[in-house]
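*Asks:* Going down the list, the protein sequences come from chains Y and A. Under this note's numbering, the first residue of the first sequence carries the number 1, and numbering increases by one thereafter. Under this note's numbering, the first residue of the second sequence carries the number 1001, and numbering increases by one thereafter.
Heads up, a few of these hints could be off.
Okay, derived cross-link-like pairs now, EDC-like style, lysine to aspartate or glutamate, Cα gap no bigger than 16 Å in a straight line [said to hold, decoys possible]:
1) A/K1203 to A/D1247
2) Y/K98 to Y/E323
3) Y/K272 to Y/D215
4) A/K1294 to A/E1322
5) Y/K309 to Y/E33
6) Y/K174 to A/D1060
7) Y/K174 to A/D1056
8) Y/K272 to Y/D283
9) A/K1115 to Y/D328
Footprint (simulated), chain A over chain Y, 3 or more residues, beta carbon under 8 Å [claimed, not checked]:
10) 91-105
11) 113-126
12) 133-140
13) 165-178
Note that these hints are calculated values from the structure, not bench results. The C-beta atom is built at its ideal place from N, Cα and C for all residues, glycine as well.
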Amino acid sequence: MSTTTERPNATGISAELAVRLYRRMLAIRLFEERVNDLYTRALMPGLAHLYIGEEAVAVGICEALRADDYITSTHRGHGHCLAKGASPDRMFAELLGKEAGYCKGKGGSMHIADPATGNMGANAIVAGSVGIATGAAFAAKRLGNGRVAVCFFGEGALGQGSLYEVMNLAQLFKLPVIYVCENNLYTEYTHFSETTAGDILTRATAFGLFAAEVDGQDVRAVNAVASQLIERARQGDGPAFLLANTYRYTGHHVGDINREYYRSKQEEQRWKAERDPVRNLVDWMLEQKISDTSQLAQIESELTAEMDKAVEFAVAAPYPKPEEAEQDVYA
Amino acid sequence: MPDTTRRELTFGQAVREALAEEMRRDQTVCIMGEDVAEAGTPFKVLSGLVEEFGKDRVLDTPISEAGFTGLAVGAAMTGLRPIVDIMFGDFITLTMDQMVNQAAKVHYMSGGKWKVPMVMRTTLGATRRSAAQHSQSLHAWFSHVPGLKVVLPSTPYDAKGLLKTAIRDENPVVFFEDKMMYKLKGHVPSEEYTIPLGAADIKRAGDDITLVATSSMVQVALGAATLLAESGISAEVVDPRTTWPLDEKTLIESARKTSRVIVLDEGYERYGVTAEIASVIAEGAFYDLDAPVKRMGAMHVPIPFSPPLEDVTVPTDRTVFEAARALCNRS
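So that you can see chain Y by itself, here it is in the shape it has in the complex (with noise of 0.2 Å):
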């Protein structure tokens, strides 16, 4: 069984692909960072999940999807969205409940949508997407596109039967489907030990799936494995699972804040000097010498003024007229 458990070590990567993974993961935080602003100022009604210090997985993982491929999102969404390719402007509208947001204001933070991206929604129930995506793949299969589906979820989804139904018909059916666990360690405020009996790789190779585990810091790890992973379903060699082992940086929500009845502060601190996966590339790029601090520094500086104006459009834009409540119930 444990034959198909491995452990791919990261290999190098181009400067033009290291300098897009950190434009990426940069662009992550600086979004989620003005997310919290806007929470915190009391503009954006609510929840907000922020996925700060696992932006590794979501880039690492959609730089290796192809553009029409499918991912399907969670709660803490906002991450795997920006990574499949929206764009900020029209995420932060939708945050905030405007007309110009990618649902019209109708989803908000937990269910941001875009078929244009293959972004076949954030899901507010826990594991509430993993049919859809299996359900994506095996249309790709039947109408042969060659499309995959990557189904992103956190480890508190392990608790969830239906997991487990669509990893069995996913193998059963051989579907181009790629599950990917992100264990931030918990489940809302509890940490996943205890609530996870067992192993959980081998939840995956039960069912026959090719399993894999990564270090969901190291994004270059990650964008290996998932080039494997991505390319065997598309191949037509069934599903996988990625255990990705990241963190999350501040609490299950904004609101979250203290959290020191479930974790340490030194923990987080622990992390977030240690484990940074944007400083992480960074330091690595530096020490490798495919970019330098004035390139990343404009980098940087060309974000902040991105996000900066999508805030400024997003707070600008009109809300929808009440008269559309009652559009879009029926297609």
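Go by the hints and put chain A onto chain Y.
*Replies:* Chain A in isolation, oriented as in the chain Y frame:
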């Protein structure tokens, strides 16, 4: 001249013919469920389909209602028109998250961008001596949810025409078949036809009392109408055919004409379809009514096994006849 060419099919044959015709017409239509292929379901409704369309389009699944229903949602979003077969209506409980939180909401949450053109076929109806977990009529649950359409055919003719429309619909449609009706025969023309969703049908015209009846209760209402005619009471039997969309106009017009109404539905009477329809009629025909609208549905108990117990839980020709006579002051 007697119509010697008048073709008769059973309800089950009419369902199968609708499926076969739509599968020939549209390559994206596929069927999935438990024992749908060679077995053709326990009711043999799908016999012959796998032979014509192959195992790629008629798929036996594991006993994973949530899994394959979720798969169908994703496949519907990405280019197929799946029809899922839920053997007994009682098992819809296992699909609720996929239908209620996913299928019903995808279109709306995405601001009208993603569509879910899928059909769930399932059964309803008691008196098969199948006890509490194989006898319920739970269509009210889905009728309660915006984003779903709910179809309740009562004749072979309606079953075929409504199912063809349901398969072509761009929304998730739940299609309930009375399992006691599969052997019922009726006229089904050989020529192509469809029936729109949201159009009630007057199954028998009358003047003194309206019997609004759905699915299995249409035959009961017609039987009661025959008994009532012998007592000099002219009953009109109106079949809404779909609980959503609901043809309120036809129901209200009949009520205004006859001034007395009984609403019959095999679901539980409490908080059920009869309550909604009675309310629509009470609001729409209040000044023309000579008696309160009466409701008759399943008794508020889990369906018992023992025949003498089960038989008293659902309305019959006789109980409806007596209730109608009382309502017309003829008891």
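*Asks:* Hint by hint, which ones does this structure get wrong, listed from lowest number up?
*Replies:* none
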